[in-house]
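Asker: Now for the letters of each chain:
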Amino acid sequence: MIDLVTRQNLIPKNMAQATYLEAIRQGLWEEMEQDPTVFCIGEDIGVYGGAFKVTDGFIHHFGPQRVIDTPIAESAIVGAAFGASLTGMRPVAEFQFMDFIGCAFNQIVNMVAKSHYRWGAPAPLVLRGPAGGGVHGGPFHSQNPEMHFVHTPGIKVVAPATPSDAKGLIKSAIRDNNPVLFLEHKFLYRRIKEEVPDSDYAVPIGKARLHRPGRDLSIITYAAMVHAAQEAAELLSKEGIEVEILDLRTLSPLDREAITQTVKKTNKVILLHEDTKTGGLAGEIAAIINEEAFDDLDGPIVRITALDTPVPFSPPLEHFFLPKLEDVVREARRLHSY
Amino acid sequence: MIDLVTRQNLIPKNMAQATYLEAIRQGLWEEMEQDPTVFCIGEDIGVYGGAFKVTDGFIHHFGPQRVIDTPIAESAIVGAAFGASLTGMRPVAEFQFMDFIGCAFNQIVNMVAKSHYRWGAPAPLVLRGPAGGGVHGGPFHSQNPEMHFVHTPGIKVVAPATPSDAKGLIKSAIRDNNPVLFLEHKFLYRRIKEEVPDSDYAVPIGKARLHRPGRDLSIITYAAMVHAAQEAAELLSKEGIEVEILDLRTLSPLDREAITQTVKKTNKVILLHEDTKTGGLAGEIAAIINEEAFDDLDGPIVRITALDTPVPFSPPLEHFFLPKLEDVVREARRLHSY
Amino acid sequence: MAAKTKINKISRNGSKRSANGGSAAKANALRVNQYGIPDWRLEQPEFEVFEVASGTEVHYEIKGKLNAPAPPIRESRYMNREQHLELYRWMVLNRRMEQALENLYKQSKVVGGVYFGLGQEACSCASAFALGPDDWFAPMIRNQGAQLVRGFHARDIMMQYMAKSGSPTHGKDGTSHYGDIEKRHMVSPISMLGDLLPVMAGVSLGARMQGKELACLTWIGDGGQSTGVSYEGINFAAVRKLGLVLIIESNLWAYSTPTEYQVAVKDLANRAIGYGMPGVIIDGTDACQVYDATYEAVERAHRGEGPTLIEAKLMRMKGHAIHDAAAYVPKEMHEFWRKRDCIDRFEKYLMDKKWLTPGQKETMVAEVEKEIDADRAFAENSPMPEGHTAAEGVYCEAGCHVIKPKYGMPKRAKRGEGKLKQTEAAIHFK
Amino acid sequence: MAAKTKINKISRNGSKRSANGGSAAKANALRVNQYGIPDWRLEQPEFEVFEVASGTEVHYEIKGKLNAPAPPIRESRYMNREQHLELYRWMVLNRRMEQALENLYKQSKVVGGVYFGLGQEACSCASAFALGPDDWFAPMIRNQGAQLVRGFHARDIMMQYMAKSGSPTHGKDGTSHYGDIEKRHMVSPISMLGDLLPVMAGVSLGARMQGKELACLTWIGDGGQSTGVSYEGINFAAVRKLGLVLIIESNLWAYSTPTEYQVAVKDLANRAIGYGMPGVIIDGTDACQVYDATYEAVERAHRGEGPTLIEAKLMRMKGHAIHDAAAYVPKEMHEFWRKRDCIDRFEKYLMDKKWLTPGQKETMVAEVEKEIDADRAFAENSPMPEGHTAAEGVYCEAGCHVIKPKYGMPKRAKRGEGKLKQTEAAIHFK
Ligand SMILES: Cc1ncc(C[n+]2csc(CCOP(=O)(O)OP(=O)(O)O)c2C)c(N)n1
Ligand SMILES: Cc1ncc(C[n+]2csc(CCOP(=O)(O)OP(=O)(O)O)c2C)c(N)n1
Ligand SMILES: [Mg+2]
Ligand SMILES: [Mg+2]
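Respectively, the protein sequence lines represent chains A, B, C and D.
Read in order, the letters of the first sequence correspond to residues 367 to 704 in the working numbering.
Read in order, the letters of the second sequence correspond to residues 367 to 704 in the working numbering.
Read in order, the letters of the third sequence correspond to residues -18 to 411 in the working numbering.
Read in order, the letters of the fourth sequence correspond to residues -18 to 411 in the working numbering.
It is worth saying that the hints were derived from the structure and are not from the lab.
Even glycine gets a Cβ: it sits at the ideal position worked out from N, Cα and C.
It cannot be assumed that every hint is accurate.
Stated by the list, open to error - 25 angstroms max Cα-Cα, derived BS3-like pairs, lysine-lysine: (1) D:K351 - B:K690; (2) D:K385 - D:K402; (3) B:K559 - D:K193; (4) C:K46 - C:K193; (5) D:K90 - B:K559; (6) C:K87 - D:K411; (7) D:K320 - D:K335; (8) C:K329 - C:K351; (9) C:K335 - C:K247; (10) C:K402 - A:K559; (11) D:K385 - D:K193; (12) D:K46 - D:K320; (13) C:K320 - C:K46; (14) B:K631 - B:K573; (15) A:K690 - C:K411; (16) C:K247 - D:K334; (17) A:K559 - C:K411; (18) C:K90 - D:K411; (19) C:K400 - A:K559; (20) A:K604 - A:K573; (21) D:K329 - D:K46; (22) C:K411 - D:K385; (23) C:K411 - D:K87; (24) B:K559 - D:K385.
As the list claims (entries may be wrong) - Derived list of chain D stretches under chain B, where covered just means 3 residues or more per stretch with a C-beta under 8 angstroms from a C-beta of chain B: (25) 39 to 50; (26) 145 to 159; (27) 165 to 174; (28) 178 to 187.
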């Protein structure tokens, strides 16, 4: 069964406003409260509370044994998290910036992701941290590393776009018996706010979310770009073009059913992501649509992505580099009249 | 201008039989003879001549200063190669197995690939080594790492399927002013042999090769799978299905023109690769075809790839894992009659 | 809520500790090297490997005292007679099993290559033998003996090499690439050298949170320890005083590369100084030294005092794997070390002590051979896996494993009731 | 062809060398630490950082001799009077430029954050000042002074922070993330700590092949040196005796993490022992010590003798970057080190020597301020890059750069005529 419901339906009664960042903090805190096997490990996450303050105050409450500052050694962090997970713990390892995940690449891809397949050892750990651009972080503080891991069997990849999903998915990621890469979009950290359930709830991994129902064409996207799509949809709506927005939420495993369903409904599709184009997720989804709904397509699948370059630092350059609202609006109009 | 000629046309007069492995050796040797700035660096490449003997005898001829055995430290190898390239050298670094490239991932993706864009420093180096499966090497001696680098702007990726291309492309890779990842398919090393030009010639990076002209459908593929496609084509030909085979040769930058041209010709396309499916190159090509030739498609784009698992060790498992001749034949028939 | 203030001095191997930490490791030290690292060896072999480049050819030569007699075995301070004999049996089983693997290879019954620990059986077996029952270990390719000692059977290893369905990985992986987190507490290695080090530190960390101080034993080659991840793992263990017991197998070669091209330091144990942890040098061909050094390191780990770095000096007596004739190794080097064979010397030691008679040896070897024969037959007769199983097991699905803390639920810190407060602090990028 | 046989002894820091290699580094050593590492400091500060956990809160405290008087400056053996004064000017420029950056930030003219080297100006400037004209360097974020010393202007750095079109990277990257392989021989850092170390080793390797022995200077933090790639790079440089000159800036913190949680060793210079290369400890707030130690390491590199590890002890006097108030640092720690300010002490030293008068200082500072004002005006008035240039420059296209060896075409080895022969040897996987 797929889970094509609007956001509103998902949210239980007991609610309060929270930013995307606070929502992640809540989810992590609640899981640590509930389950003593959950612990945090990473750089500057203890007394300092993390570069973005996701674990601010955690060390005071949970103690330094469960909020562990490490040397600057990402392969050691992931390796140690994996080792601890073999004893039945559920480590949550923070990358100060997701850009640094390359420093633990081998450990993740070859040690962690393959362990269940190779020798039957589950690795219930979460790798989390800030990803994404739009904050003028330059080439090394803005990267979107999802595809390296979407292309790695054995690790799940999650990239929420809203506070509720961020909270619900961090909880599911922690409870999952597999390694989960949890990508927090740093642009969203303090920019978006919504009602988030206080109580214990979780959002299932592997299920997309219908962010906005529409009639004329579908935008399939995730993370910060969901909000760009939303803005575009509002503009286009005034022109009578009703855009459906599918927020993937989980990038691996992909929700093929939800993808197929929206394509079958609108017959036209834009794939939108902040990651660079060549080898990006849009390609994978294009192939899936071809496989699942080729005959339903009434127009070419359109990709809107960042340029195939590193993430440039200077604001005009980064603006040019990133997918833009006007790109989405223009392409939607073009596709609509195809 | 694209280069859609059959292999035969490419080859100059002065020729001798060489395996894929010998062809690479020749290309590397010739470049080292011609250009004293070319040198080799890697593990066990000197006195031993490399795990697969690609540099066998090189140290005797070029001396230990130009054939440098390193500690087991892939990030140091890539870093040192990059540093040397900044002084105007053209290093050729060997990975003993391409599976170990993950140990240098950050150095490649963040130091090397971004250097020209960020600060205008060209990095004329080659990273080469054996990739691919089919030899029962298991999860850590069989990997196809291309997508991590196809998805990395700033580094080129080459994956030859024939001895002539292997020789011509290693030469182009060395002469290129950009970092080039040169993937040698270890299954092909000593299994295929053909006439290879003795003389100095090079195969351009970025150009696909029409491996077999055909009428009914196109198989777009590369590396070892070119030979699987060829076998399938021969079988299918007996049934009257004429398959066109496009050997990409270069995976980044992709030859969009050649891809478009073959799709426009046959209107049906199978994307075949040995790498795993999700996030594999087939997705990217599917998206390109959608962008460039949507209206020319007379059937869904079909992907045939390895399973989304690590590469299993045991022969029956690896056989099941890899794309099979019968898969290609079956899908070709199905698509033909679509 | 009354707040009891606890002051944790952060671990730092500062001036209070003596030169090379571990007092245990020191007690037995008759000799220390120039940096104060205990050197338990009864012989300090003297030779150096040279690269010789003629006008047309490059090769390695060795120079030094190559006809020195083999040193005696150092008396163990921890093993009793029975343990000596049991250990001896493991070493014999280790070697004979590898001979059986070589035969299987020659009969084309093996998939891929075969790796040997010839000459290193003491280093694999005696160290594993020194572990406590709950301790964890992670072998490298040459530590097949350790797997036997810790409860796997020759058939398991044979089936791994033969890629059989009944192998511990069901054919998914080969060689020593398997493990068991349920019973035998063996972490599977991966090919990439060094990645196990932080993992074993992490096992110790996880267990500590559950109130258990484990010793986590692993080995790394003089080559493999050059990887950055080795350094990260050891350093992390040192900082957090985790129970890593690391044996560096200084066997003079890493594939075809002599240690001289791997590191510029003579004793890799010296690296312990830079980590701020105890290091010790032992003769890796002396089963008693391997046992005792590991034993002390294990005890230290059990006391929660932190990691130990043991450098075992020895020689890789075959090529890198079965395909490699090791033609690059100067012949005299093999000869020198053949005289130092760990089994021959241990056997002579036991016989000199009258703990083992030729007759007992014969019986033991016959038993070992019988065991190997039975295991080989079992392995040979077991089926290959079915192809379709290749698609299974990538993820841990519902019901596939129950995750729970192995040593008991971690205790919650008794701390203020504290609720999560909103954070408003300045951050780096907005 | 007559084959002349050449025997290369492979480098190994064996028994022939004294405890800590570099005789140069040793000459000046009045004092060595417990492992024989020369310690040039005139004061060995004594304090320790503790983690204090109350029932509701965790923070750091410091204990030790915190009111010890600041040590004097150690007489330089290599700098003359003019050099002292020039160096002093660089340090002043370094600090004042960073103050200007702080102001620009407060005026919202900077994109992103700003990094400071406050208290570390001696370490950045004096080391860069000790390089020869052809030598290479690669700064880290705190080494903005080194960039000035080596020929960049305050405006370059300002424009980097302001993301201007005229910045060395044309707005593609910010902060110290730029370089110049043509004239100033600066390699651009990347954020990932440690990756520069093998790169600088490689620069030395490339130059050596062209017949040139370069010194390649870089810095790494006490935190950054924990990365595996640091280790790989230093080890490679040691094995191949490359001209890496590495200054570890032991400034007691890595972002919010005290060194006590980074490493378990007191003197990071001790790691030199494990690498088999010379190490030396200096007071990083003493410009003369920094200069002299670097100078000797540079000389050693020029002689082709290999790398040197210099541990500079000092303190990061601001937060990690401008957003970070460093509330986690015990106050007394800042106070202690403020008394050891590298510029104040160097200035007093120069004045005591009568090499600098208050009047001269005033003139110099006024000049520096003028220079900074001009540069700031230039930077402020320069345009932002045009958006479309974001798409350019990923690859080096035809005509964009000519690749040629910087120091001359490498000589071909005079070796046998040898033709490529077919290889038939056994391999691992078939
Ligand atoms: C990261 C990495 N790089 C390269 C290899 C290939 N490789 C496998 S074993 C080996 C040599 C190992 O030498 P050493 O660690 O000394 O162990 P020994 O074989 O001597 O026991 C090499 C280079 C690898 N496994 N992992
Ligand atoms: C590989 C890597 N991991 C994490 C970071 C994030 N980071 C940037 S600077 C820093 C602290 C550096 O401390 P140190 O090396 O001691 O330098 P200092 O700031 O003290 O000069 C950290 C953790 C990074 N840049 N690179
Ligand atoms: Mg070895
Ligand atoms: Mg620091």
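Asker: For each hint, tell me whether it holds in the structure or not.
Answerer: We went through each hint and held it up to the structure:
no., hint, result
1, D:K351 - B:K690, "violated (73 angstroms)"
2, D:K385 - D:K402, "violated (30 angstroms)"
3, B:K559 - D:K193, "violated (43 angstroms)"
4, C:K46 - C:K193, "violated (48 angstroms)"
5, D:K90 - B:K559, "violated (63 angstroms)"
6, C:K87 - D:K411, "holds (15 angstroms)"
7, D:K320 - D:K335, "holds (22 angstroms)"
8, C:K329 - C:K351, "holds (23 angstroms)"
9, C:K335 - C:K247, "violated (38 angstroms)"
10, C:K402 - A:K559, "holds (16 angstroms)"
11, D:K385 - D:K193, "holds (15 angstroms)"
12, D:K46 - D:K320, "holds (13 angstroms)"
13, C:K320 - C:K46, "holds (13 angstroms)"
14, B:K631 - B:K573, "holds (18 angstroms)"
15, A:K690 - C:K411, "holds (19 angstroms)"
16, C:K247 - D:K334, "violated (46 angstroms)"
17, A:K559 - C:K411, "holds (15 angstroms)"
18, C:K90 - D:K411, "holds (15 angstroms)"
19, C:K400 - A:K559, "holds (20 angstroms)"
20, A:K604 - A:K573, "violated (30 angstroms)"
21, D:K329 - D:K46, "holds (24 angstroms)"
22, C:K411 - D:K385, "violated (43 angstroms)"
23, C:K411 - D:K87, "holds (15 angstroms)"
24, B:K559 - D:K385, "violated (35 angstroms)"
25, 39 to 50, "violated (count 0)"
26, 145 to 159, "holds (count 6)"
27, 165 to 174, "holds (count 5)"
28, 178 to 187, "holds (count 10)"
Taken one by one, the earlier hints fail for this structure at numbers 1, 2, 3, 4, 5, 9, 16, 20, 22, 24, 25, listed in ascending order.
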